[in-house]
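Each chain, written out:
Protein chains: 2
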Amino acid sequence: MIQQLQQIVQKEKKYAVGLMSGTSLDGIDAALVEISYSGENTEVQLLEFETLPYSDLERARFLSLCSPETSSVETICLANVELGKKFAQAALTVIHKAGLVTSDIDFISSHGQTIFHMPEQYATLQIGELAVIAEESGILTVGDFRPSDMAAGGQGAPLVPFVDYLLFKHKHKGRILLNIGGISNISVLKADGKSNEVIAFDTGPGNVLIDSIVIIGSKGELSFDPNGEIARSGTVCNSWLEEIINHDPFVYQQPPKSTGRELYSQEFARHLWEQGQARNMEFKDIVATVTAFTAHSIAINIKRFVDGRYETEEILVGGGGTYNDTLLAYLQALTDKKVGKMEDWNFSSDAKEAIAFAILGNEFLHGNANNLPSATGAKKQAIMGKLVFPSKEK
Amino acid sequence: MIQQLQQIVQKEKKYAVGLMSGTSLDGIDAALVEISYSGENTEVQLLEFETLPYSDLERARFLSLCSPETSSVETICLANVELGKKFAQAALTVIHKAGLVTSDIDFISSHGQTIFHMPEQYATLQIGELAVIAEESGILTVGDFRPSDMAAGGQGAPLVPFVDYLLFKHKHKGRILLNIGGISNISVLKADGKSNEVIAFDTGPGNVLIDSIVIIGSKGELSFDPNGEIARSGTVCNSWLEEIINHDPFVYQQPPKSTGRELYSQEFARHLWEQGQARNMEFKDIVATVTAFTAHSIAINIKRFVDGRYETEEILVGGGGTYNDTLLAYLQALTDKKVGKMEDWNFSSDAKEAIAFAILGNEFLHGNANNLPSATGAKKQAIMGKLVFPSKEK
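Here the protein sequences line up with chains A and B, keeping their order. Going by our numbering, the first residue of the first sequence is number 5, and it counts up by one from there. Going by our numbering, the first residue of the second sequence is number 5, and it counts up by one from there.
Pulled out of the complex, with its shape left as it was, chain A reads as follows (with noise of 0.2 Å):
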């Protein structure tokens, strides 16, 4: 055992496999990378990368395990070997893609499926059992990397400003990485800063709330706004826009806060739907201010606890917000920096997260600290993560 983790720390590039499914549960995304060491000289470059979707029953099955009322042990157990299988496929299927063989890749990095997660008590359950993903694709796995840094005091999110900063930290200029998963997240990066001066947060919602809304209005024809074309051809209105930002509990929260499904649950979005009714207001205005509150979440956000600390130039978008290119416009017309895809940093939006997570499972290989104390809140630097052996016999 130990030889083989030996093996793999020592060697120039490593092969991985980061896995990660958001809490929008759209599926799972697979990164194939190569990795050349560790810590603030790591090199990554992402081979292939495949998400494996979720169907429709499935969205609803581990949607009714995030919720107290409609989950239970048994179904959480059962879904937690049938989301490892699910997420050793979804390895498999990127490697195959990539024309490798499993015995090609030194190890696959989970991040799971969030079901739960209470910050306030330290508490949080990913399923996605890692003993099954190491066992059906053979290859050593790390994962369930959240739980540590609560463990240490922290919030359990974010994990990827660590990474962020990693890759991204510049010498000269200051940068905002802001993920568009379910919920939306940022990284700041000072310029030529060090790493307990990354600032990251939770800003609230990323696509969670105009899904849900379209999935309402549409009466579940849709499940996203493609494009953002609905919030187009829809007009926002400022008054009601207002309101949700006055009454939202979390937008002007204070740092380091981080927040989910429980919050910007389906409850939720069928309040604002209820409220836009009440207003008399059509599905595309609906879903138009909708959007403009999650552009202005995030731009809040910025302004109020960013702004006044460190000099920043871009915003470097990823995760499936970059696909609502209304949002994207409603956000640059909030902000005087550069909003921009990752792609235009030559990074791939879709692959992100999934590649973060490969990289920490590569820190926790090679024995380094990989949350960011000054993201999570937590107390001490944590190795975070679990390791996993696959069986013997192959």
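Calculated from the structure, these hints are not laboratory results. Even glycine gets a Cβ: it sits at the ideal position worked out from N, Cα and C. Keep in mind that a hint or two might mislead.
[To be verified] Derived, one-sided and incomplete: chain A residues facing chain B with beta-carbon distance under 7 Å:
id, residue
1, F120
2, A135
3, A155
4, V392
Since chain A is already given, all that's left is putting chain B on it; use the hints.
Chain B only, in chain A's frame:
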């Protein structure tokens, strides 16, 4: 990290804490042991033992996690962290009781608290967050063994027979190691046998039904039958006993097999209680008969699934059931093998399971397979367990 692991496995004597909490939900057993070598050369010495009991309230709460009707993702998420802290507390207590400090300890190995086990679906759920144990203790932690065996096609149980084999194999005597926890299980060691010749399986109820019946019959004043005194004062109803045996869905099932509170549930006990009531039986006679059923279920399994295959002379009994003299007397009356407590062989009944998990952790760290496919039905030899590190600053 690798250096730390290397230092541990190269040590002549390792100090470890094994942590175990069974389905009977009595509390957390913590065994502080000194381990030399690994595999078949393993030597272990118990230095100190402590049980951190669950309060009645805790037991009731943790029990509610084990049932689909009363559990939820929220209560599981919270209890995972809460139990992690309690496991850490148990470890720290036994370390201090031994006059040692945490930096003396090389690793903790934790079974966790099983809250659901579905062998047919290869799914199981143990909680007691490993990251919390590692962080609260500052000690490297291994645990969560069962999922690896199940991922390899096993039932995830029983796990202790592997350790029974390492510690109790005998050149000339065939031995049965019987553990009476909530559930009873046996490990059958052929004289001069190999590890793949070990037979092991759950035989059915241990204390679980007796305890439940005592709770019902005493209206919660007692939670178990002290020394088996209630049973001793009662009379076994043989016609009912026969009926219970004949209707039991598990006792005659072919091994490998495992069971738990899912089958021998509170409902199961309540059903027995009602049968006894319908026969106008007194409390003590019901307890006597259920105790006899427990003894018979063990004896039947030995007669039916062991005696034809291996010659055995001794039954070494460990677990909480060793405190029930009536149960042991009933069992002795049903067999001509020598029935005795582990203490007769100079080993602690109480600490046996906790010691076993320390040894499973030791095997993991040495990179040795630590499941027993002949016992669990696994298709492969698994290196069961997950490895977690405490944070860097202490």
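Verification of the hints:
Hint on F120 (chain A) holds. Least Cβ distance to chain B is approximately 4 Å, under the 7 Å limit. Given hint, A135 (chain A) at the interface with chain B, holds; its Cβ is 4 Å from that chain's nearest Cβ, closer than 7 Å. Satisfaction of the interface hint for A155 (chain A) is found here, the shortest Cβ-Cβ separation to chain B being roughly 4 Å, below the 7 Å cut-off. Hint status for V392 (chain A): holds, given a least beta-carbon distance of 5 Å to chain B, under 7 Å.
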